[in-house]
Structures are given as C-alpha cells and as structure tokens.
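Engineer: Mind docking chain B on chain A? Use the hints.
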Amino acid sequence: MMSFDPYGNPTYFILLFIALLPLMIGLLYGHRSHIYESIISFVFLLLTFGGPKWKTGIALIIYLVYQICLVWLYSKYRQRADSANKGWVFVVSVILAIIPLAVVKITPAVAHGASSIIGFLGISYLTFKVVQTIMETRDGVIKEFHPILFGQFLLFFPTISSGPIDRYRRFVKDYDSVPTRAKYLDLMEKGVRYIFLGFLYKFLLAYIFGTVMLPTVEHAALQAHGISWALLGVMYTYSMDLFFDFAGYSLFAVGVSYLMGVETPMNFNQPFKSKNIKDFWNRWHMTLSFWFRDFIYMRLVFFMMKHKWFKSRITTANVAYVINMLIMGFWHGETWYYIVYGLFHGFAMVINDSWLRYKKKHQAQIPHNKFTEYFAIFLTFNVVCFSFLIFSGFLNTLWFVPRH
Amino acid sequence: MSVPKRLFKIFGPIILVAILLLAVLLSPFSFGLNHVSKTTEKKAAVSLSPNVLKGRLVKRQALDDGYVPFFGSSEWSRFDPMHPSVLADKYQRNYRPFLLGARGTQSLTQYFVMQSVKKQLTNKKAVFVISPQWFVPHGTRKDAFAYYYSPLQTTDWLQTEQNTEMDRYAAKRLLEMPSGSSDKVLANALTRVAAGLKPTSSQRAYINYKARMLGSEDEFFSKFGISGKNLGKVDHAESQLPANYNYANLDKLAGNIGKQQTTSNSLEISNTFWKTQLRRNYKHLKNSQTKLDYTKSPEFSDFQLVLNQFAKNHTDVMFVIPPINQKWANYTGLSMPMIAQFDKKIRYQLASQGFNNVIDLSEDGDQDYFMTDTIHLGWRGWLAVDQQLNPFLSKKSMTKPQYHLNDEFYTKRWQQLNPKNLKAFEQQ
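As they're listed, the protein sequences go chains A and B.
The opening position of the first sequence corresponds to residue 1 in full-length UniProt numbering, with each subsequent residue numbered one higher.
The opening position of the second sequence corresponds to residue 1 in full-length UniProt numbering, with each subsequent residue numbered one higher.
It is worth saying that the hints were derived from the structure and are not from the lab.
Heads up, some of the hints might be wrong.
Said to hold, decoys possible - Within a straight-line C-alpha distance of at most 25 Å, the following computed DSS-like cross-link-like pairs (lysine-lysine) qualify:
#1 B:LYS327 to B:LYS124
#2 B:LYS9 to A:LYS190
#3 B:LYS184 to A:LYS53
#4 A:LYS183 to B:LYS5
#5 A:LYS183 to B:LYS9
#6 A:LYS278 to A:LYS361
#7 A:LYS55 to B:LYS184
#8 A:LYS53 to B:LYS210
It should be emphasised that the depicted structure is a prediction, and the values quoted were computed from it without experimental measurement.
The shape of chain A in the complex, shown without the other chains:
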C-alpha cells in the first residue's frame, strides 16, 4: 500500500487536488458535505498512517477513542446544572489527557532512543487540542460537546501532523457553516497563493538550506572540532532551514484548510523581523506560542497571584516565563538541548522585559531611531539563531557523540 508523509511529494499534492475538487465545487455552489469530507479525511489519514506505518494508525485510533471519552466524561461532569466544578477533577482530567504524550516523549530518553508503540505522527498537536478543550470546558466557554464534531476537529487532516493548532470553538464555527461565494473565492485565492508560497519555502529554500548547504557546513564544523566559523555557518543555515521548512509546511496546512472553507490560523508572521524576543514569539510558531500563553503562562500567573506566591508582579511574570518556556522545552523532547533551549528563551523573556521596563523609565536618555530599530532586529535575530543552534542538537553531535 502507498504511504506518504503529508505534503511530502508531488504525488501527494496531485491526489490532494483531485480529492478536493468535488468539495471545492460544492462549496462554490453553497453546499458542504460532511460525509464527503469525512471520506477524504479517512483516505488521507490512511495514506499517512497506513501501509508500513499501520501500527501508528492503530495507536491513533486508540488514542482518539481514549481522548474523546475523556473529554466527553469531563464535559458531562462540568455541564451538569449542579456541577461542583471541583479543581481536582479538572487536574486529573488534564493529567489523563497528557499521559499518552508524556509516555511517548519520555520513552526515547529512558529506552536508549527507542520510540514508544503508542506514538504516532502528530500526537503532540492532538494533545494540545484536547487539553485546550478541557480547559475551556472548565472555564465554561465551551457549553456543548459533540463527540463527532470533536473527533473531526482532532482529525482535521490538513493540520493533523504538525498544526497549526486551531481552537475547538473557532473550528466548529467554520466547519459547520458554508462561506458565501464571494468569501469562498477569496479563500480559494489566498489558499492557492499560500500553497505556492509553501512550495517556494519548502521545496526550494528549505531544500537549498537544509539539503544542499547544511550537510556541507555541518561536515566542516565536525571536521574542525569545537568552536569554528563553520559552526556559525551551521547556526544560520539550520535556522533558515528550520524556518522555511516549517513555515512552508504551515502554509500548505493553512492553504489546504482554506480550500476546504476552514480558516485555520496562520503560524508565522515574518519572525526574523522581530524587534525583541517577545515580538518574536508573537510571530514564530504563533499557534503554539499563543497556546502556551493562554493555557500555561496566563494560568500560571493567575494561580501564583491567587495564592500570593510572590509579592512583586514582576517576579510572578518572570517565574511564569521561565516555567512556561521550560515546559515548552520538555514538550520538544527529553534531551538536554531542548531543555536548555526552553530555559534560554525563558531567561531571554525575563531579560527582555526588564530591558523594556528600564527603557520606559529612562525614555529621555535612551535614543530611539531607525538605527536602534535595525540594531534591535539584528540582535534579536542572532539571539534567536543561537537558540536554534542549541535546539538543533548539533552541539550534542559535535561534543558528545562518538565519531564512529
């Protein structure tokens, strides 16, 4: 049987276009068929999780049943008129939702790099969607729960493998309605443009940086041992590859969603133009950083304020930054470089905030002009690229992996 990585090769795109054609004609004429959508979703999920990867397909099905039951039970509890809304029920539910992901992430660290049998491509992104739905149910923002719609939200195939991470309420609003013809034509135009921009990013630029240049600079850096100019080359080349590869993928996911009449949120907004680290996280992997902002950072801050952990609001924010980013580091994987990457960004946020406060206080003395703006962009860019060098794990290969 055929098996594909999503958006991996021309054949995938051709099949995708053929499958989407009836759906697009339908939307153009004001019809949306959930049955047809479910069929093509099923086919494309089968292409991704079937064939030689059928074991991950089974893992996906079990995971799905488990999470739908979990959220369903929690909704039942929460949406009863006389719901006690106990904190511990909520905490236990969230923990139960995270357990499968935790197992998958920890297994390689304790089993010498072996991957867990319950893992599948995209498990972390599904977990984000589940946790967020539980939290919003607790908040009472999600008032109704439809297991089928929730399943379709989780399995929405354009975004299943690596996001962008949509929100349940936003998704359902699009998915359950038909855009007007004028609106859909706009969506199609944008969708096609995003997909082609994605081709440029992923198949040209990411190819040049990742496949052509990166091995050359990595080879040179490995031959040189220790710190070298080539290592600096690795840093920039890897950063460019990471951006164009992921942004390209995200453009495919968003573009295809648009063709299906669903306005999946964008993931990147020219991140290398950021003026500071905070700005960067508002432009880089946006759906992930907003998720962390809304469901980790904000909640941490509220929790710490409610329990009066710290007197100072600044300390509270700083502690929350570091914990937030550290969790993001752990989420990437249980290796020293992901964790250091998380800590690095946590402290970068702390430093960034204190600088902004200092600058505000001394507005009169600190110059602000075009040059300082360019300098800020330059500095942020280099700090970010350095963090990606940590993230890449190349330092691990360079320093700790035996050469044979």
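Structural biologist: Frame of chain A, contents of chain B only:
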C-alpha cells in the same frame, strides 16, 4: 469580475505551469541542458566539490574528453606548484588529472563513484592514492560516507549488478551505512542482493524509475555550483614554475618553497596547516598515536571492491602509497614497524592479483620537504610522484594488464589478518 474569470485568474497559472513542466520532463529532448563546457570541465577537474563527486554527467564528459581519473582523498587539496594538476597543465602534458576525492572519501565511496563512470574507465588509465589512515579498525566513518553518498550512483550500480561476490559484499556494506537505508525500497532491494537474490521485478521497476529521475536531475543541475576557487590556486601555483621542465631544478625549487613555508615549526609542516590545525592541540598530541593500528580493518575488503571494479573494466591503474611525515610520526609515537606491516599487507593484496604499478613512498617520510604537513604529500613528494606518474600516463602501455582476482579478500579473515601471517593466508 465574473466567477469563471475569477476562477481562471486563480487556477490558470497553475494549469499553465503544470503543462509546461510535464512538457519539459517527459520530452525526449534535453534542450541542450546536457552540454558541459570545456571551462566547466576544467573547473570541475580541480574543484573537489562533493556535487562533482556525487554527480555523473560532468565526470563522464570530462573523462570522455581525455581527463584521467585521480582517485584519492584529502591530499588533492594541497595545490602547491608540484601538485599533479599544476605540473600537467604547466608543461602541457597529454593528460589532465580529474581529481576525485576529498577529506573523508575512502574506498567504499570511491567504489560507488566508479559506478557512474564504468564506461569511461574501460581500457583506460587511472591513478589511485591509498591513504594508510583509511585502514583504521572501524573502517570508513559513517557520517563521512553519508556526506558523499549519491543515490544516483547506487541506482547506477544496482542496474548493472550481477550478484557476484563483489556485488553481495557492496550491498552488505551499504546496508551497514545509514545512507543505505535512506530509501526503503532500495534498502529492500539491497537486502535481496546481499542475500544472493535478484531484486524483485517491482523493485527493478522502481530502480529504473529512480535512476531516470536522478539522471535527469543530474543533467539539469550538476553543472551548477562548481567552485572555481581551486582553479585560481592552480593558476597561481603555475606562475611559480620555470618555463621548462627539468627535474633537478624543480626539485631544488620544491625544497626552497618548502623551506620558506615551514618556518613556524620544527616538524617541516606548512605554516598554514600549523596555524589552523595543529598549534592549539600540539601539546596534547605528543605520543597520541602510539596505539594506532592500520593493519586490521574492513577497509581492506572495501579496497578489494575498488580493485575488482578496475579489473572488470580492464583499467590500467597506478597506485600511490604516500608516506607519513617522519618528524611528526616520531613526535606522536606512530609505530613505523606497524606502517611497514600495513605496507606489506596492502602490497600483497595488490601484487597477488596482478596490480603491479605501485609508487610506494612509504619509506620516504624522512626526506626534507616531501610532505606538506603531517600525512599529505607536498613539494618534493609530489615531484617524486610525478617522476613515475608522468611516464606511466604519457606513454601508451605495451601490454594489457592481467588481473586475477581472489574473493578471499572479501572475508573477515583477510580484514583481520595479521600481516605476519601472510604466508598462512597465501597457502589457503
């Protein structure tokens, strides 16, 4: 705007692009894209770029145009005035070297490089530099092999393999490398070859499809990104040479240049190498090589692949065994008896199978300015090579080489054989 017009605006360009692309890819014409200019050949011959090594078209065209393949590794990047490429160009020899290899290329990589130019090797001459440093206990480094790995050469090889001992061994070695399993279908085909079976018909179809695709990719792109930097170095080196070739004069010149460029250290190592690679670690390296052993390695069987391919194509090959800078060896405690044993073993593998053209310099490491640094030939060393290489390449050989191969060289027993027991091996 009407809906059909709007739709055409959105999808029209895509349809147009799709039609154009299909026309280009499926058409039997190559639109002149497979033309390699003489300048490109000249650049490629000394560029040492991985893409030249991994590609096919540029090498084929250049070798068809009379370039001679010089297989080797890092020594090729030492472009001093006595470098083979410099001498050949300056003194208008009737051959021009096409340098194949760079830091990290060993026998296994070279074997696959040969796959793309089999026709060009047939009944021709070639040069092959054997570095003793390849023959470490683990053999070729996996990351280095991956760096020079070319799927095109793998499919070229799979299309012509005949399930001989050579093919089975090559398949097995490839599967031991991460590169060999980078494509699942190819990996399955390799597993069958290694087990002595033919690839299945669907695997064959895939190999042929892949070969065609990689082949056209090579035709379209392989000429680009070939650096001209080394050609500049060659030109600069030529400008230091006298107009007429005279061995005694050149040898004196080589010694003088060597003396001028090794002023920073007492090991007669070039100043650049000393500054960039050695000075920092110099202290730690004292007696750091006392345990090195080049006499037992899978590389001996990888090297047999190369010999086997040369024999199959009736290539007349000159082998070069470079020495090690004696001063450096003394400092690091490298065992000279071990080097002598290595030399004995490799010479046996060559001679017993009929490879009789060998420039063995393994005992010349103590000559002044023979090596440009620790293990790489330079100045007087290159000139010594040229003394034997020039006649070999310039003159037509009178006799065809007679090779008689022995598959025993693919065994673990040979790889791990102590050179002291050569007699026992011979009697089997």
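Engineer: Where does the structure disagree with the numbered hints, that is, which hint numbers, in rising order?
Structural biologist: 1
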